[in-house]
Amino acid sequence: MRITCPHCGARDVQEFTYLGDANPQRPEGMATTEAAMHDYVYQRDNPAGRHRELWYHSAGCHAWLVVTRDTRTHAIETVETARARAQGDAA
Amino acid sequence: MADAATIAWTPRGSWAGILASGEFGTAGQPGVTIEARDGLGIASLIAGDGRDEALAQALQGHIGLGLPLTPCIVSSARHSLVWAGPDQWHLIAPDRNGFDELLRDLAPLAAISDQSDGRAALRLSGPKVRDTLAKGCMLDLHPSAFPVGTAALTSIAYMGVHLWRIADDPASGDAVFEIMVARSMAGSFWSWLSASAAEFGCKVTATGRG
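As you go down the protein sequences, you meet chains A and B in turn. Counting with the numbering used here, you get residues 1 to 91 for the letters of the first sequence. Counting with the numbering used here, you get residues 1 to 210 for the letters of the second sequence.
Think of the hints as simulated: they come from the structure by calculation, not from any bench. Please read these numbers as outputs of a predicted model, since none were measured by experiment. A few of these clues could be false.
[Unchecked claim] Have a look at the derived ranges for each label pair, beta carbon to beta carbon: (1) B:Gly149 / A:Arg72: 32 to 42 Å; (2) A:Arg72 / B:Ala20: 53 to 63 Å; (3) A:His62 / B:Arg104: 41 to 51 Å; (4) A:Glu28 / B:Pro108: 29 to 39 Å; (5) A:Gln25 / B:Gly39: 47 to 57 Å; (6) A:Pro6 / B:Ala167: 27 to 37 Å; (7) B:Glu199 / A:Thr68: 40 to 50 Å; (8) B:Pro127 / A:Val41: 54 to 64 Å; (9) A:His38 / B:Ser75: 51 to 61 Å.
[Unchecked claim] Computed from the model, here is a short list of chain B residues facing chain A with C-beta under 10 Å: (10) Gly13; (11) Gly64; (12) Leu65; (13) Gly66; (14) Thr70; (15) Ala84; (16) Gln115; (17) Pro147; (18) Gly149; (19) Met159.
Note that the Cβ used here is the ideal one computed from N, Cα and C, for glycine as well.
Sequences are here, hints too, so could you generate the full structure?
What follows is the structure in structure tokens.
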């Protein structure tokens, strides 16, 4: 698998470190319930298909990326920087 | 305590005790030429959010170079600025003369860390330089994919490297690459590079510093 880093271009997957699902949003810790915090920390979907994931370009530019990928084929749909994604989410 | 410890600090070049001038590997015309780049002034610059423009202007005024916003290196007669990640650069000078003063002038505009003693750099050239690098570098270094001025952060033999291509050797026309690694990795990197270059015949120029 090769991931096209928005900064560096297409690189072998061994340059990257996988973190996991990019979808969970951390609840406001002081306001939320224990159950919601539990879900945020532990509950993950395990889809066969489209998945949004966080990857870190550890052996390259050290940027955090959001990769949308098909877990069955490894076909990558989009790669964005996590910063751009966060700004998009906020907007 | 009866005896006060006496410590004598002796400056050592980053390649001291690792490589020495000479030739090794297959005899004959060397396929790879390696030059230790010791004594450089190296600093990492990290612009604060939204301060790229002010830093770029200051650098233009001080050293006459703009900030590269893509993975590449720009150079003047004395200084180089090389892209080192998003909003990060390395400023490189051939020696430390005036380097501290330059960093002091730039300090209000960026997070600056002097890396002169923290990195080890080599200049690689010769007709077999790409064949040598191809043994460990996953990037396509063909001239069409990696023209003069391109820079990259990648890994070679599991070691993080900062790699860029400078102007071709005017005498031979061969491509010239520079590679910078963390100084703590210099010995391990040399172990990989010397083994990879040996079959092509290799000429080494050390500075003799330290």
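Status of the hints after comparison with the structure:
1. Here the CB-CB span from Gly149 (chain B) to Arg72 (chain A) is close to 41 Å, well matched to the stated 32 to 42 Å.
2. Take Arg72 (chain A) and Ala20 (chain B): their Cβ atoms lie about 54 Å apart, and the range 53 to 63 Å holds.
3. Taking 41 to 51 Å as the suggested C-beta distance range, the pair His62 (chain A) and Arg104 (chain B) does not conform, at roughly 27 Å.
4. Distance hint for Glu28 (chain A) and Pro108 (chain B): a CB-CB separation of about 36 Å, consistent with the stated range 29 to 39 Å.
5. Here the CB-CB span from Gln25 (chain A) to Gly39 (chain B) is close to 50 Å, well matched to the stated 47 to 57 Å.
6. Between Pro6 (chain A) and Ala167 (chain B) the beta carbon distance is about 28 Å. The supplied range of 27 to 37 Å therefore holds.
7. Between Glu199 (chain B) and Thr68 (chain A) the beta carbons are some 43 Å apart, a value that agrees with the proposed interval 40 to 50 Å.
8. The given range of 54 to 64 Å is respected by Pro127 (chain B) and Val41 (chain A), whose C-beta atoms sit roughly 57 Å from each other.
9. Between His38 (chain A) and Ser75 (chain B) the beta carbons are some 55 Å apart, a value that agrees with the proposed interval 51 to 61 Å.
10. Because the beta carbon of Gly13 (chain B) sits about 27 Å from the nearest beta carbon in chain A, more than 10 Å, this interface hint is broken.
11. Among the interface hints, the one on Gly64 (chain B) is violated; its C-beta lies about 26 Å from the nearest C-beta in chain A, farther than the 10 Å criterion.
12. The interface hint given for Leu65 (chain B) is broken, as the beta carbon of that residue sits about 20 Å from the closest beta carbon of chain A, more than 10 Å.
13. Violation of the interface hint for Gly66 (chain B) is found here, the shortest Cβ-Cβ separation to chain A being roughly 18 Å, above the 10 Å cut-off.
14. Look at Thr70 (chain B): its Cβ gets to within about 8 Å of chain A, closer than 10 Å, so that hint holds up.
15. For the restraint placing Ala84 (chain B) at the interface with chain A, the shortest Cβ-Cβ distance is roughly 8 Å, inside the 10 Å limit, so the hint holds.
16. Interface restraint check: Gln115 (chain B) against chain A, minimum CB-CB distance 15 Å, threshold 10 Å, status violated.
17. For Pro147 (chain B), the shortest C-beta to C-beta distance to chain A is roughly 13 Å, which exceeds 10 Å, and the interface hint is violated.
18. With its C-beta approaching chain A no nearer than about 15 Å, Gly149 (chain B) sits outside the 10 Å limit, and its interface hint is violated.
19. About 9 Å separates the beta-carbon of Met159 (chain B) from the nearest beta-carbon of chain A, less than 10 Å, and the hint is met.
Violated hints for the displayed structure, listed by number in ascending order: 3, 10, 11, 12, 13, 16, 17 and 18.
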